[in-house]
Amino acid sequence: MTTAAFMILLAGTVGAYLLNRHAAEQIRNRGARLHSLAGFHGLYGALLVAVPTLVVVLVWLLVEGAVIDRLVMSGLPAAALDGLGAGERQLILSEITQLAGGRQFGQPQPWVLEAAARMVRLRLASDVLLVATVLALGGGMAVLAWRRVSPDFRARQQAERIVNGLMVFCSTIAIFTTVGIVASLVFETGRFLAMIPWTEFLLGTRWEPQMAIRADQIAAQGSFGVIPVFLGTMVITVVALVVAVPVGLFSAIYLNEFASPRTRRMVKPVLEILAGVPTVVYGFFAVLTIAPALREFGAATGLPIAPNTALAAGLVMGVMLIPFISSFTDDALTAVPRSLRDGALALGATRAETVMNVLFPAAIPGIVGGILLAVSRAVGETMIVVMAAGLIAKLTLNPLDSVTTVTVQIVTLLIGDTAFDSPKTLAAFALGMLLFVVTLAINVLALRIVRKYREIYD
Amino acid sequence: MTDFRAEHRAIDWASGEIGARIRRRNRAQLRLRLVGMAAIGFAFAMLATLVGSLLWTGTRAFRQTHVAIEVHYDAGILNPDNLQRGNYRAILGATMQALFPDLPDSALRKATAILSNGAQFMVRDRIVADPALLGQRISLRVPVSDPYDQLHKGLIDRETPEEFRRLKDDEIALWDRLEAAGAVSAPLNWGLITNADSRFPELAGLRGALMGSFWALLTCFVLSFPIGIGAAIYLEEFAPKNRTSDFIEVNINNLAAVPSVVFGLLGLAVFLNWLGLPRSAPFVGGMVLALMTLPTIIIATRAALKAVPPSIREAALGLGASRQQVVFHHVLPLAMPGILTGTIIGLAQALGETAPLLLIGMNAFVTAAPGSPFDPSTALPTQIFIWADSPERGFVSRTSAAILVLLMFLVAMNALAIYLRNRFERKW
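As you go down the protein sequences, you meet chains V and C in turn.
Residues in the first sequence are numbered from 1 upward in steps of one, following our numbering.
Residues in the second sequence are numbered from 1 upward in steps of one, following our numbering.
Because the hints were derived from the structure by calculation, they are not lab data.
Heads up, a few of these hints could be off.
[Stated by the list, open to error] Here are the simulated SDA-like pairs of lysine to any residue, each with C-alpha atoms no more than 25 Å apart in a straight line:
#1 K241(C) to R448(V)
#2 K424(V) to R28(V)
#3 K241(C) to L447(V)
#4 K452(V) to R243(C)
#5 K268(V) to R243(C)
Using the sequences and the accompanying hints, generate a full structural model.
This is the structure in structure tokens:
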């Protein structure tokens, strides 16, 4: 039925275009001068049909499921839902949905069967109503547009106004996305902080989100202190930077100053490949190759290297960040004006002295900005650490030990089925909020450093 | 001045001291060069190790060990009216009995365990498709279970003491008899692409993941391509330079730097929880990916629009075109190669994105490929994540093979983007 609605919409749009263009052409053939080309009359008709109808269909499809679920649930006998939690309600609802889809398991209660039948009826009614609405609205708009066709009608301006409006809408999607991110994070974090005081969240030193789901279970009372998780993120980030910064810096310096153009042309794309490899691949690489190698190294040297040490994740993340640092350094070095380089060389400095004493200091703001952006990447990086880092939050700075990170906790707390009323789930949103704020702050800082300290040479 | 000149003259450029100083400075330069080369060498070595280890483990999964068996559809065991529910285990047992007539019943179970757990379903599907086979004998090639696959590929060391080995001596002896009889073969593993996911590594394939990724990318493209172009055209060609458009620009640039997992949180909270869209659906995954790809497409489109010289616009305006006609009839078609290049690169990034898909549940265990974007499914990267987490040894090589498939797609997409750029992009 949904397909039918879209087909009607498409047919209506094309029909309105042809109808209006034809009407306009006839006016012209009768000898009147049209203000706009016939094609614009057609476009106006098509837009007038397509835009509002499409909006109605999309909104309808978005809310249809939720509305039907709510209607079905509210129609259940009052006794059936007494004293049930959100999770159990969800189970009943999914049983009804399964039944309505024609999949019956066991012998459901009669009121469940009845609810399933009601759900089927409601769905059918909704489909019929949707098609009727599309027909009525599309037809009405088509007639409205058709009646406006006249020699004086400024169809081009009207159509262009609609197109302009559509483009404005497209560019506000970015704002809606930001608003959506902030709203969902703030809302869920607010619910989390209503259960756990923010002092405990931000200042607590124990992170043990495993808590009892039922009252009779024996489990630790969950504790949500974010400091060990944050410390773990820092440890892995530092390891990654220790790898990425020197390698990225020196490879950029070599490529910029010493390499022949041919080497440069060959090496740069290969470095860029490192940036294009999906992070899940890096994660598997860390588990498959790096972690066992480190384990053997630990066994050979007697170093206490944990099975999922922060070193493995950090090292691989560092490799991922190499092209990032290298390209930022490259850009910053290239941006230093030629005159500085020539001046230093003319004074007798070697190429190395020119780079290290003249170009590098001048390029530092750009390089620092790049490193900060790399930090924000490392803090927000998810798959490498989910696959290669640990799950237990430890209050340690030792990179040989196993640590966990903010992103690991977000993913492990939310993987599988989630109920939106337990602090365990909401904690993930609080962590997400923290992550969002920290990465945003680092990004803003990086941009400011680049802008503020950039020497103006012109 | 005279002092200066005197001092200046005092330097003897040919002296040993100066020579030593120059050599020292040149050595410092050489050191910097070597460090730079070492840095590049390190990056290359890591890339080579990455690709090498994936190829090393992954290519094994491109072959799957099979064993040829002769199945007798015994009319005494099967009920012709209900072939769907016959005792196919017993049929396989009888098959193995025929292969190893000297084995006692207790060892026969071990012999049956050579065959994959899915063998009984293959035997069943064959006769369900052709009921005339009842009472007949056919020969069939079925995959072997994971330990024997590993053994055949030489991954189980026969020298290991028996108690640490996954296959005991008697099991290996059975296998050697099969091999000596010429029943074992290792053809190309098409199941890797044509099968959906499975608990058993020898049967697990990528079909569900490939379809899931296809639907998600299609959704992502359908949403982000028109919206991205619309937004870019507005911001580049029509937007007045005021605070609103500045605000939009800042927003787009910030979105490009938001960690991907945060987009997953957005999808979970807004699309799944508030709007009640289905979990694990590629459609929802595609919507989240579209939000992430949007900044990439907008930025690429704006660059492509900017590269079209103003003379084109002025000429069209001069001939009486409206501003929108100028853009849609002239500027946009000229900018299309650049836009497509940026879009393909954005889609390639979206194809490899994992974290947001995990949060909206696209890591479900689904044994059927999705028929529509609303069915639960996995995607290529989440399938890699699931297999990487599976304990069975056979999944290690399958994970690498899945990664190789993913990388192949990425290389193909990037190659297409480069081709488009080189073939169609004009320099003005």
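For each hint, the structure was consulted:
Of the supplied pair hints, the one linking K241(C) and R448(V) holds, its CA atoms being roughly 22 Å apart against a limit of 25 Å. Between K424(V) and R28(V) the CA atoms are separated by roughly 70 Å; this puts the pair beyond 25 Å, and the hint is violated. Annotation: proposed proximity of K241(C) to L447(V) holds, straight-line Cα distance about 21 Å (limit 25 Å). Between K452(V) and R243(C), the direct Cα distance comes to roughly 21 Å. Compliance with the 25 Å bound is thereby established for this hinted pair.
With a CA separation close to 38 Å, the supplied pair K268(V) and R243(C) exceeds the 25 Å bound.
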